[in-house]
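Protein chains: 2
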Amino acid sequence: MKVPLGFSMSGVHAGIKQDKTREDISLIKSESTCTAAGVYTQNKVVAAPVILDRQRTPAADIRGIVINSGNANACTGEQGEQDAEEMARLAAAEFGANPEQVLVLSTGIIGEPMPMPTIAAGIKTVASQLGTDEAQVVAAARGLMTTDTSHKIAVREIPLTTGEGRVMGFAKGAAMIGPNMATMLGVILTDVALSPDEAQQLLCDAVNDSFNCISVEGHMSTNDTVLLLSSNQHQPTDSERATLHEAIHDACIELARAIPNDGEGATHLIQVDVSGCRTRNEAHQIARTIADSALVKTAVTGADPNWGRIVSAAGYAKVDFDPSEVCLKLNGTMLYEAGNPVAFDAESVSASIRENRNTHIDFRLQQGDAAVTFWTCDLTTEYVHLNADYHT
Amino acid sequence: MKVPLGFSMSGVHAGIKQDKTREDISLIKSESTCTAAGVYTQNKVVAAPVILDRQRTPAADIRGIVINSGNANACTGEQGEQDAEEMARLAAAEFGANPEQVLVLSTGIIGEPMPMPTIAAGIKTVASQLGTDEAQVVAAARGLMTTDTSHKIAVREIPLTTGEGRVMGFAKGAAMIGPNMATMLGVILTDVALSPDEAQQLLCDAVNDSFNCISVEGHMSTNDTVLLLSSNQHQPTDSERATLHEAIHDACIELARAIPNDGEGATHLIQVDVSGCRTRNEAHQIARTIADSALVKTAVTGADPNWGRIVSAAGYAKVDFDPSEVCLKLNGTMLYEAGNPVAFDAESVSASIRENRNTHIDFRLQQGDAAVTFWTCDLTTEYVHLNADYHT
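So the protein lines, in turn, are chains A and B. Once you know that position 359 of the first sequence is 359 in the working numbering, the rest is easy, because the numbers rise by one and skip nothing. Once you know that position 59 of the second sequence is 59 in the working numbering, the rest is easy, because the numbers rise by one and skip nothing.
Honestly, I wouldn't trust all of these hints.
The list treats identical chains as one, so a pair stands whether inside a single copy or across any two.
Unchecked claim - Calculated cross-link-like contacts (lysine-lysine; reagent style BS3-like; alpha-carbon spacing at most 27 Å):
no.	residue 1	residue 2
1	2	44
2	329	124
3	329	44
4	329	2
5	318	20
6	20	44
7	318	2
8	44	124
9	2	124
No lab work stands behind these hints: they were computed from the structure. From a predicted model like this one, the values you see are computed outputs, not experimental measurements.
Please take these sequences and the hints and turn them into a complete structure.
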């Protein structure tokens with residue numbers, strides 16, 4: 001596969017997860033020092049690897065990332081922080097690097113001590129299997145997964161005067177199950193040069209339009225992290241730099257959308273477009289409130305074009321607006337215009353929801369030009385089963 | 001029944017609802033002018049009766065309330081406002097009062113025109129049946145109901161030097177179904193004298209500790225309203241006035257708790273106590289975030305003592321705290337203390353959830369003395385069925 005130059009990777013089953021067919025340790029190695037940036041959960045309760053990575057990014061001398069799934073190393077106190085450092089140290093030893101040059105990602109059960117002997121053995125095994133073949137890339141992507149039903153990889157190519165620039169991203173979903181305080185994790189790799197500051201700014205911007213615009217059930221994890229690494233193999237021109245930014249932005253959106261699409265029990269991916277707002281923040285606040293409404297989600301589950309639930313959700317988003325300026329379309333059909341319900345063919349709109357995986361909510365105000373696109377999934381009995389029928 | 005002196009009431013099936021066994025028009029009449037106060041939804045999209053009542057309260061000359069269920073008169077534009085005024089006019093004509101002396105409450109389907117001939121006939125019928133017998137009180141309480149499984153009445157008696165003061169309250173639930181943007185409605189009646197200003201302040205305080213501390217799924221309706229009426233039959237002493245305040249406060253809490261307890265598909269009433277905060281607002285913010293977490297709700301559904309979901313929900317409540325100050329008890333058992341998981345008997349805590357209707361979450365910080373008590377219900381597959389398996 002077209003792995004960005006300078007990176008190699010793989011994933012193995014070390015034994016953190018019980019199911020032997022599921023990878024639980026991944027390693028991404030950079031041949032030489034690389035640029036790294038990170039964006040992290042805003043939760044007040046953060047996992048040990050988040051504490052460690054926050055201190056280590058942005059940076060110019062990172063050599064790789066060690067990832068485990070099956071244990072989040074969250075709410076594990078002082079020991080957890082030592083374990084995260086030990087994971088970095090073990091990976092660094094394999095890379096011939098300093099411990100401070102390795103970043104750590106964990107996801108899985110919270111409040112349980114890390115099974116360090118298992119993890120140490122896994123790091124040693126995976127380090128002997130690094131490469132750029134498709135099987136190795138997929139194994140690395142699978143090592144991030146918890147309750148995701150499929151791995152998530154996005155790839156972009158950028159024509160450069162110096163050759164072909166590459167972007168490759170991985171993500172895992174925000175689906176949560178049992179005691180697994182699951183988490184959104186993302187890793188973006190590129191071989192096009194980025195300074196630490198540029199990487200940090202680019203990642204913040206891209207995350208703002210992608211991973212910060214999704215939710216499954218509105219719960220924010222202790223571990224959410226997106227990392228961007230560049231091996232700096234290609235020096236882009238200014239116009240190529242713009243193309244790179246766009247490619248990373250695009251890859252983040254592709255990965256972000258894949259998360260609610262794979263939400264637990266989801267039968268629909270719901271795109272919520274909010275426009276005509278004074279500020280992007282206000283658009284985001286309205287979109288998120290609509291997306292997080294259990295009543296909106298269950299209406300989509302039931303293929304019910306229930307504009308009342310959508311309009312009233314927007315009404316409690318803590319954004320000031322006059323109801324008479326609201327226009328709402330569902331799958332392209334106007335349901336509510338300038339504050340008044342519109343006569344529409346409910347059966348055909350219902351059919352358009354029922355027969356498509358994607359549902360599109362288009363909510364407009366008339367206050368300005370700010371807009372946002374947000375993605376979520378519907379709420380099904382399967383979600384409740386997955387999250388209720390589990391006992392610690 | 002011990003209806004506060006000066007009030008009479010009843011409820012009838014007028015035909016707004018299809019089911020003929022369900023009352024859909026109620027009338028509460030005050031023999032003479034009475035004090036009235038109101039607290040209303042903060043939604044930007046408000047129903048016509050909310051617009052009308054907001055203008056008419058607080059007041060000293062109210063003669064009664066006309067209530068319908070089955071149609072919320074929300075998102076109905078200019079016609080809706082005229083219909084709300086017409087309802088007040090029709091009730092006032094029966095009372096021999098001015099139209100401005102009547103308040104209006106509506107709940108039910110939104111975006112549909114009000115069936116005014118049906119409502120007019122219903123008001124005429126119910127006006128001929130007013131009284132203070134238990135059957136009349138229950139019929140009045142049932143006239144507020146939408147998807148509630150039972151009517152909700154709270155009664156308090158206050159010994160006064162001038163006789164027995166009475167408080168009687170009604171409420172309907174925040175359960176939502178189909179296109180019915182259902183609503184929290186509350187009515188509190190007393191015969192102990194209150195000035196309009198005192199009534200308004202008292203109602204705001206009582207609602208703050210009761211109806212503002214509950215949620216079913218976090219969706220705020222276009223119609224939420226609580227009204228307080230006093231017929232001013234007894235002049236209380238200062239100490240009796242304090243007792244009255246306490247009684248109204250208590251009655252509001254009893255009614256408020258009854259709402260999530262009767263939440264759609266609920267199998268548990270969850271009480272969330274948050275204490276040790278700097279301000280009541282911060283405690284409320286944490287409590288509400290825990291209560292609205294689908295992961296916390298489904299953990300209770302599944303009798304899973306999942307402290308990770310609770311602690312991490314608190315962590316994204318946008319309140320600043322240090323995780324090392326968090327203590328969490330579930331049904332009296334400490335699960336998480338000073339930022340560390342505690343060893344506990346998971347099976348016995350699980351059994352205590354499974355075997356009791358009430359679940360108690362006790363979350364403490366160490367920043368101050370502010371505290372709040374919040375109530376919600378769990379999230380079950382039945383909730384999803386009720387809200388998804390309906391087609392407009």
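For each hint, the structure was consulted:
Taking identical chains as interchangeable, the C-alpha atoms of residue 2 and residue 44 are never at most 27 Å apart, the minima being 38 Å within one chain and 51 Å between chains. Neither within a single protomer nor between protomers do residue 329 and residue 124 lie at most 27 Å apart by alpha-carbon distance, with minima of 54 Å and 41 Å respectively. Taking identical chains as interchangeable, the C-alpha atoms of residue 329 and residue 44 lie at most 27 Å apart only when they sit on different chains, with a minimum of 19 Å there against 37 Å within one chain. Proximity of residue 329 to residue 2 under the C-alpha cut-off of 27 Å is found in neither arrangement, the shortest distances being 40 Å within a copy and 51 Å between copies.
In this assembly of identical chains, the alpha carbons of residue 318 and residue 20 never lie at most 27 Å apart, being 48 Å within a copy and 39 Å across copies at closest. For the homomeric pair residue 20 and residue 44, neither the shortest alpha-carbon distance inside one copy (34 Å) nor that between copies (53 Å) is at most 27 Å. In this homomeric assembly, residue 318 and residue 2 never come within 27 Å of each other (Cα to Cα): the closest approach is 46 Å inside a single copy and 41 Å across copies. For a Cα distance limit of 27 Å, the shortest separation of residue 44 from residue 124 qualifies neither inside one copy, at 33 Å, nor across copies, at 58 Å.
When the C-alpha separation of residue 2 and residue 124 is checked against a cutoff of 27 Å, the pair qualifies only within one copy, where the shortest distance is 25 Å, while the shortest distance between copies is 78 Å.
Of the numbered hints listed earlier, those contradicted by the structure are 1, 2, 4, 5, 6, 7 and 8.
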